[in-house]
Amino acid sequence: MNRENAVEVKDLTRTFGSFVAVDRLTLEVGRGTVFGFLGPNGAGKSTTIRMLCGLLLPTSGEGRVAGLDVMTESEAIKRSIGYMSQKFSLYDDLTVEENIDFYAGLYSVPKDRRQERKAWVLEMAGLADKRRTLTRTLAGGWKQRLALGCAVQHEPPILFLDEPTSGVDPLSRRRFWDLIAQMARRGTTVFVTTHYMEEAEYCDELALIYRGKMIARGTPHEVKVLLPDDILEIRVERPFEALERLEASGLVREVALFGGALHAVVGEAGTGAPALARFLEEQGFVVEAIQPVPPSLEDVFVSLIELEDRRNPAGAEE
Amino acid sequence: MWERIYRMLVKEFIQVLRDSRMKALIFVMPVIQLIMFGYAVTTDVDHIRTALCDLDKSPQSMALIERFTGSGYFSLVESTDRPGRLGELLDRSQATLAIQINPGFADDLRAGRQAVIQTIVDGTDSNTGTVAMDYSLRITQAFSREVGAPVALAGLAQPGLAPIDLRTRAWFNPDLKSRYFNVPGVIAVILLLTSLLLTSMAVVREREIGTMEQLMVTPILPLELILGKTLPFALICLADVLAVTAVGVLWFHIPIYGSLWLLLAGAILYLMSTIGVGLFISTISHTQQQALMSSFFFYLPAVLLSGFMFPISNMPRAAQWLTYLNPLRYFLVIIRGIFLKGSGLEALWPQFAALAILGIALLSISSTRFQKRMA
Chain G
1113 MNRENAVEVK DLTRTFGSFV AVDRLTLEVG RGTVFGFLGP NGAGKSTTIR
1163 MLCGLLLPTS GEGRVAGLDV MTESEAIKRS IGYMSQKFSL YDDLTVEENI
1213 DFYAGLYSVP KDRRQERKAW VLEMAGLADK RRTLTRTLAG GWKQRLALGC
1263 AVQHEPPILF LDEPTSGVDP LSRRRFWDLI AQMARRGTTV FVTTHYMEEA
1313 EYCDELALIY RGKMIARGTP HEVKVLLPDD ILEIRVERPF EALERLEASG
1363 LVREVALFGG ALHAVVGEAG TGAPALARFL EEQGFVVEAI QPVPPSLEDV
1413 FVSLIELEDR RNPAGAEE
Chain Z
9 MWERIYRMLV KEFIQVLRDS RMKALIFVMP VIQLIMFGYA VTTDVDHIRT
59 ALCDLDKSPQ SMALIERFTG SGYFSLVEST DRPGRLGELL DRSQATLAIQ
109 INPGFADDLR AGRQAVIQTI VDGTDSNTGT VAMDYSLRIT QAFSREVGAP
159 VALAGLAQPG LAPIDLRTRA WFNPDLKSRY FNVPGVIAVI LLLTSLLLTS
209 MAVVREREIG TMEQLMVTPI LPLELILGKT LPFALICLAD VLAVTAVGVL
259 WFHIPIYGSL WLLLAGAILY LMSTIGVGLF ISTISHTQQQ ALMSSFFFYL
309 PAVLLSGFMF PISNMPRAAQ WLTYLNPLRY FLVIIRGIFL KGSGLEALWP
359 QFAALAILGI ALLSISSTRF QKRMA
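From first to last, the protein sequence lines are chains G and Z.
Quick note on the working numbering: the first sequence kicks off at 1113 and runs consecutively.
Quick note on the working numbering: the second sequence kicks off at 9 and runs consecutively.
Derived by calculation from the structure, the hints in this document are not laboratory data.
Model, not experiment: these values are computed from the prediction.
For each residue, glycine too, the CB sits at the ideal point set by N, CA and C.
Please note: incorrect hints may appear among the correct ones.
[Unchecked claim] Partial chain G-side listing against chain Z, Cβ under 10 Å, derived: (1) R1162; (2) L1167; (3) T1171; (4) D1181; (5) D1213; (6) L1218; (7) Y1219; (8) F1272; (9) F1370.
[As the list claims (entries may be wrong)] Over the 12 Å line for every Cβ pair with chain Z, so calculated as not near, a few chain G residues: (10) T1125; (11) F1128; (12) F1131; (13) A1188; (14) A1263; (15) R1357; (16) S1361; (17) V1399.
This is chain Z alone, in the form it adopts within the complex (with noise of 0.2 Å):
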């Protein structure tokens, strides 16, 4: 038995090193996603492309314009006397955010009535939005506070003169770093790519080519076929835990505060459910083509509704049942914890113990549905 499926490893890798796409796939794919996540992709809102219109021009108002662009948030594109100008900045998304001060703010100010300042932001995109708007809220009342006197930003319901002392602390990711947030979990994406390409174009090749219908004259058992047909791209993908983890520790500087032998055991949990997809999808498939299309329909889906992106709480409540299927919803949540927050099983298990569950499940489902598109 294991000599048969000794020399199934044996030829998978084989083909895997030969193949120079293949080779493409495990090893170039997962590093520029990862460059291109740690890089590119980032939802830090710094700045902030702000037009500016002050007709008070005051000492005042030009410290609290000071205040704004000192912060680093924000970005001055224009400065302009005319506020029609404004919309039109806006309306050409030349400018996120617009203030406008109005004459009689440093008069206010003095006489200790409430000064009004008028803030626009293009809510287009809503999370750059609501940050912008957060950051001027925040500038505007360590403003007021300084000066003694309440500023009001128009529009915006706000704390009054005493405004609470509201202080965040972020745990796990002081910074509030998008990239430590989305390294760990593209690792986790790129595996569910690679283990379920690897797998179901393998098993789907072969079966174009013929010599999957000789593999089955020969004495081999379906066990030892199965095996030999997803133990090769378990190992590859774990080897790719490893280098995508070294690339996001070494060259990131991604914190990694818990366990990497943990980690590991949590990618077999998931790798068990990825590859049993594989296999599924490859008892559907007759060529590759058809295996690649309904890899991908698998793995949008199992994207979006992950919390790899977007937060599940945030989901409609149909959407967040289906996330409960998605194994990338436990493994995103096991390498988070592990990476951040240096989690142990004692806080992991639940994810843990559903990923043995969906990945036993998935497996036998495939593995029968393999052994019956056998006889």
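Chain G on its own, in the form it takes in the complex (with noise of 0.2 Å):
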């Protein structure tokens, strides 16, 4: 096991009766990465992160966290990680102090780095003067927050976070994100899933998990170069009617629309923006500009999705 890796898995899988929601998962996290999982709803995120902290037991494969066997060890990786779902798992009827109390006392927070850690969660959290308040009656926001400093009281050396920005607003979802960004620089590593594929951009790596299996892995510069296909953008009058018919044409390999303008999907953009320009002509539009442009994460992913589902079809039907 290489040291300076916080999380090592290999040939990690697990089934639920004929289901396999992880498919021989290999992956690597280095210590104080943040490292993104990501992928659509059902694609295995959390079942892999469960199995991560010791909640579920793998079918089979080896895993480790911090060093520990995620088989056999589970009682101690409980002790080096910090853990939080999208529920905000806190109690809503007690208060803000009173759930940093009960999480201090459950991971045996040493007693004289109470006060100072408690001070810490109020502060990161902004709940200063809200440390009285009834847990139920903060925003979502907030509620965020204060369940990030509770799990991490113990400042654990990993902290797993399984969709974290779920249903808070984007303000505090870049508040959250900058709270990652600095845990990070002070060594935690983070290992995060996401269905925000903008979110991806704040991790310094990615995988990309699908159907539970693993179909991209990189820094997110290398995950956009993955992408075989070039994209265009068509900038055209009635776009809604335009999407329709270049969708019918058999020239796209996928077209979606991008606030006022079309995005398509070409094998090549050198033969593909004249082909595209001509047709839609022919059919009766004007056609204002047609540039090929770099691709989004969101554009990478959805292509290596549909790639995975072109290739093994079975599947997709499920």
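Two independent chains are provided; combine them into the complex using the hints.
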């Protein structure tokens, strides 16, 4: 085992009956990395995290978290990790302070550190003047930061976040990612799942998981160049009608509305752009502009997932 | 370890005391149940509604009627001269007992022949019916002894002129007050419901809101988690025992002849079983509604097959066997014994032993299932 890796997983598999939730997953996460684990709902993200946290026993394969075996040392793993899920698992009927004290006790935060850690959580979550407020009455962003604070009171070297930003407004999401970045700078490894593709940009490294299998891996930049196709941005009048015609034309692999423009996936921009322009003009559309654009992560993931579906059509019907 | 259990305890107490529904479940419901059983649900039979048709109208028949109305057990609802009217009153449930005295009653008595009066009882409520019949028989017997002539209730087998002087003495509850019997029983039933609901709901609620998952990624050990989710409710239920006992003794003047400490010890053993069942229900329920339904699914048969209202000896054999698995059955014997008979451990040890075995078994089964659900 490489001592630099916080998480190391080899052929990790989990089945529920005949359903394979996670299929022979292999990956490593280096210390101090923000590792983004992406994929659509039901892809196996949460199942993977739950196996790594010792909540779920793998069916087969190996896994090490902080150098400890997920099969046999899950109790020891629990002392070295923090975990927060999309449910922000706080007690609604306890006050902010009572929640902090409760988790401090469960995590056995040393008594002489408690005041300091509590002050840090309150500060970080922006709840210093709300310590006696019932958690129920807090807005989503505050709850989310409080849940994070509670989960890291014991200063774990590894932090698992399962869709930590779902249901939170964009500003709070930005603030949350700033906190994650701060923790990573201090050496915490952060393993985070999300289905917000724009959030993938905050990660040092990404893995895309789909139907239990990892289908892409790398830094955000590396992942973007994985896309074999080019993307054309087309500005045209009556974009809805143009979209329908293009879909029916067979000239594009994929076309979608992006703001007021269309994004079309073509094999190659050099030949694709003139062909599309000619087709649209023949159909009576006025094409204002047509030009290649760099793919967003979302484009890449959508294309990769479709590629996977074409390769393995049986699974797509599920 | 103790720190984590202590934190769980504090948390549960804060949650229970902050939740008005929970507070009602713990403090108001027991009192309401106790008052209900103490006052309303009484199986004592008095003021039996009686219809009368005296066709003899002699001083002797009047004297007999006087016996009935003066006893306090019967209240006259109607006096009629038309025998058919008695049937009407019974049919409409306006009377439970009908008495008909035929002409010639006084003549028979004077001649030393057996005088017969006709009584008809509405047997729909068999308990009241039996008691009414029994009272009538006793009154007639007393009357016949006094006048020195045999008086018979038509249709009833009974002793003749020289009736056996049967004197029954009820021990432990000399007035045979059903309240004395019911109130200790109610305490046992209240404990059952409270502990079942508190335990099963509290665990399932944590699962519903996701905090159970959060707890399980902390270094808390399964044993600590189980203790943290059961001890607080055991303590709350023991407080309930004291509160309800106090109301029973101070308000209803139920005597408590035995040791309060022994009662508490019995309650602890009993709670091990009921909390074990509550924990088990929490492992098979996904939502609080399911937990509620499952709790009642256990609660109702447990109450019916316990001897709380219906004597176990009257049940079919199969049901009698089932009662041996019912913790309430044993605790009822313990609590009634301690309250009414002043029984000690030397009399109650079989019940204590049964509860201990049942409690340990139920708690271990549930804890094992609980841990499996965690893994």
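Structure-based check of each hint:
The interface hint given for G/R1162 is met, as the beta carbon of that residue sits about 8 Å from the closest beta carbon of chain Z, less than 10 Å. Interface restraint check: G/L1167 against chain Z, minimum CB-CB distance 6 Å, threshold 10 Å, status holds. Because the beta carbon of G/T1171 sits about 13 Å from the nearest beta carbon in chain Z, more than 10 Å, this interface hint is broken. Restraint check, G/D1181 versus chain Z: the minimum CB separation of about 15 Å is more than 10 Å; hint violated.
Restraint check, G/D1213 versus chain Z: the minimum CB separation of about 8 Å is within 10 Å; hint holds. Interface hint status for G/L1218: upheld, as the beta-carbon distance to the closest one in chain Z is roughly 4 Å, under 10 Å. For G/Y1219, the shortest C-beta to C-beta distance to chain Z is roughly 6 Å, which falls under 10 Å, so the interface hint holds. Taking 10 Å as the C-beta cut-off, the interface hint given for G/F1272 holds, the closest approach to chain Z being about 8 Å.
For the restraint placing G/F1370 at the interface with chain Z, the shortest Cβ-Cβ distance is roughly 36 Å, beyond the 10 Å limit, so the hint is violated. The claim that G/T1125 lies off the interface holds: its Cβ sits roughly 17 Å from the closest Cβ of chain Z, which is beyond the 12 Å cut-off. With a cut of 12 Å on Cβ distances, G/F1128 stays outside the contact zone with chain Z, its closest approach being about 14 Å. Under the 12 Å C-beta cut-off, the non-interface status given to G/F1131 relative to chain Z holds; the minimum distance is some 19 Å.
Look at G/A1188: its CB is around 9 Å from the nearest CB on chain Z, not clear of 12 Å, so calling it non-interface is violated. Look at G/A1263: its CB is around 8 Å from the nearest CB on chain Z, not clear of 12 Å, so calling it non-interface is violated. For G/R1357, the non-interface assignment is confirmed: its Cβ lies about 47 Å from the closest Cβ of chain Z, beyond the 12 Å cut-off. Chain Z leaves G/S1361 outside its interface by the beta-carbon criterion, the shortest separation being 48 Å against a cut-off of 12 Å.
For G/V1399, the shortest C-beta to C-beta distance to chain Z comes to about 51 Å, beyond the 12 Å cut-off, and the non-interface label holds.
In this structure, the hints that do not hold are numbers 3, 4, 9, 13 and 14, in rising order.
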